[in-house]
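Top line first, the protein sequences correspond to chains A and B.
All residue numbers for the first sequence refer to this note's numbering, where the first residue is 1429 and numbers rise by one.
All residue numbers for the second sequence refer to this note's numbering, where the first residue is 284 and numbers rise by one.
Listing some non-contacts, in silico: residues in chain A with all C-beta distances to chain B over 12 angstroms:
(1) 1557
(2) 1574
(3) 1585
(4) 1675
Stretches of chain B that chain A covers, calculated by requiring three or more beta carbons in the stretch to come under 8 angstroms of a beta carbon on chain A:
(5) 358 to 366
(6) 378 to 390
Honestly, the hints are just simulated from the structure, not real lab data.
C-beta atoms are modelled at their ideal positions from N, C-alpha and C, and glycine is treated no differently.
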Amino acid sequence: MPSPDAEPTLADAKPATTRAPANRAPDNRVNNRPWQSGIPLLLAAPAGLALLFLILPLVGLLVRAPWTDAAAVLAGPGALQALKLSVITATISMIIVLIIGVPLAWVLARPGLRGASLLRALITIPLVLPPVVGGVALFTVLGRAGLLGRPLYRLTGFAFPFTPYAVILAQVFVALPFLVLSVEGALRASDRRYEEAASTLGARPVTVFRRITLPLIGPGIAAGAVLAWARALGEFGATITFAGNFPGTTRTMPLEVYLALETDPGSALLLSVLLLGVSVAVLALLRERWVSRW
Amino acid sequence: MVAELFAQLGVRRGDFTLDLELEIGAGEVVALLGPNGAGKSTALRALAGLLQISSGRITVGGQVVADAASTIHRAPHERPIGVVFQDYLLFPHLTVLDNVAFGPLVRGMDKQEARRQAALLLERVGIADLGKSKPQAISGGQAQRVALARALATNPRLLLLDEPLAALDAKTHLLVRAEVRRHLADFSGATLLVTHDPIDASVLADRLIVIEDGRVVQQGTPLQVARRPRTDYVARLVGLNLLTGSGRGHRVLLPSGGAVELAEPVSGDVYVAFRPAAVSLFVHRPDGSPRNVWAGRIAALEPHGEGVRVEIGEVPDCSSSILAEITPSAVADLDLRAGSEVWAAVKASDIEVYAA
Chain A
1429 MPSPDAEPTL
1439 ADAKPATTRA
1449 PANRAPDNRV
1459 NNRPWQSGIP
1469 LLLAAPAGLA
1479 LLFLILPLVG
1489 LLVRAPWTDA
1499 AAVLAGPGAL
1509 QALKLSVITA
1519 TISMIIVLII
1529 GVPLAWVLAR
1539 PGLRGASLLR
1549 ALITIPLVLP
1559 PVVGGVALFT
1569 VLGRAGLLGR
1579 PLYRLTGFAF
1589 PFTPYAVILA
1599 QVFVALPFLV
1609 LSVEGALRAS
1619 DRRYEEAAST
1629 LGARPVTVFR
1639 RITLPLIGPG
1649 IAAGAVLAWA
1659 RALGEFGATI
1669 TFAGNFPGTT
1679 RTMPLEVYLA
1689 LETDPGSALL
1699 LSVLLLGVSV
1709 AVLALLRERW
1719 VSRW
Chain B
284 MVAELFAQLG
294 VRRGDFTLDL
304 ELEIGAGEVV
314 ALLGPNGAGK
324 STALRALAGL
334 LQISSGRITV
344 GGQVVADAAS
354 TIHRAPHERP
364 IGVVFQDYLL
374 FPHLTVLDNV
384 AFGPLVRGMD
394 KQEARRQAAL
404 LLERVGIADL
414 GKSKPQAISG
424 GQAQRVALAR
434 ALATNPRLLL
444 LDEPLAALDA
454 KTHLLVRAEV
464 RRHLADFSGA
474 TLLVTHDPID
484 ASVLADRLIV
494 IEDGRVVQQG
504 TPLQVARRPR
514 TDYVARLVGL
524 NLLTGSGRGH
534 RVLLPSGGAV
544 ELAEPVSGDV
554 YVAFRPAAVS
564 LFVHRPDGSP
574 RNVWAGRIAA
584 LEPHGEGVRV
594 EIGEVPDCSS
604 SILAEITPSA
614 VADLDLRAGS
624 EVWAAVKASD
634 IEVYAA
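Model the full structure from these sequences, guided by the hints.
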């Protein structure tokens, strides 16, 4: 099992270092490492290829989208409804992930925790698990006949599947590991001695966590939250298996795109562009608000 | 009078054992001096509560904060202490003022009042105008003052300083040292200063405690320690040559079989100390007056102040190396270089002898 730091999907989550820099970042415009000025072809070629591979599909999306139909597709019943459901559920999921994920990361990052690597492996499972399998797994526990779902249904008459709550559960399931690993990385990279300093000043452990730990790993939390939100927004497999595909209640954007692809590929392209636009906008907004504050 | 700090510290960690007894009075400054790995930081962490003692007991201001026998272990936030950490550890997300106000604030003081007090403290350490700055934006010397102000803000009974001057450049070092000395003089509680710099320790502390391998090897006033070192480490620290042997009349017999001639008779196990400047070097064996003369070979020469410090590596008679300090012109006249064979001579009257 690779270490969480090596997880390629988490590259964005690299925490900003929390050690106080002695000086502000050096001026990048001055090339003060002349021996590193040339990029060897052996690296430049695959790097360029990787970049192209990431960008070209997006360009294709933008080029091939039938822009003239945009107004009609967006005004249609499905699109905005699905978008609204997606944004709301992804945001709620992100909040839930933050509330339960940050403490889990904190526990995981505690020095000398027994079984930490086993725990970390368990947490990583949803990352590598096909989402459809995740959805099936959720069904076995929270479905109407599930381990917890059956008693819940008997007591209250409520069942998760085919409700927006199921959408949120599916999203939390797949997004949680992103935040936990990102925040845990930030905690490990942060200088725990600040916490010691705070405790010698009279701060109780909870106060230390609230006033020192949280602000210091703020960038890591923000990065993790963004990743979690994006993962939740794009969630498809677990949603369709566990929550179903009902317009207005469980049909999120990715489901809408998939559905449209079968009947009207042009509108699927437009919906994809819309989803892309919303993701990029939110990402940019969050970056502006939190990440760059440091 | 009951000491402000009374501590018997026993800490076991793998092969390392710290076994240390400390007693510091109100207003007294004690420096804990020792080489790397001697257990200085371990002692400080144990006193602060960041590390649990495996045996012993710690009393601060008459209050037991740790007792291994009755398994009392107060957490750091429950101890009346203030700590200045080695690299200060100012909270990077808070302003200088809020760093200083942090202690009073988390101890329940009203926010306005905490900030007002913090501002007063900053004024006292002479950086009132930096309150709004972030720690990243201030200099090392300023950060040191903030760290001290922050530690004093909670009115601790015990102030712990961990290498408080180590992170400063040479020029700031002297300046800040004088300031710290002034602030420590104003502080009414007990102060323990951990350092590996003997000069910082002598300037700042009323009393030195030297530890090696987790044990006290020597303690006393800075003058006592500087004049009468009791281990090789301390001798090197204060810049003296140190030999051990047993006194027989006007001689000290060294374990190697050699002897040191003295001006006064002594008996029993003794230490023999002499300044490097009291050692003269000759290319040929000198004769005349009652001198101690040893043959040896030069291991290294290096400039030291206005003179040259010569380390004579193999002195068979002393079973120890000897430091000599001579003038650069003497080095030239005698054509001394690493590897040269020389005779080292010390007058009996330049030798200090004291009981082991």
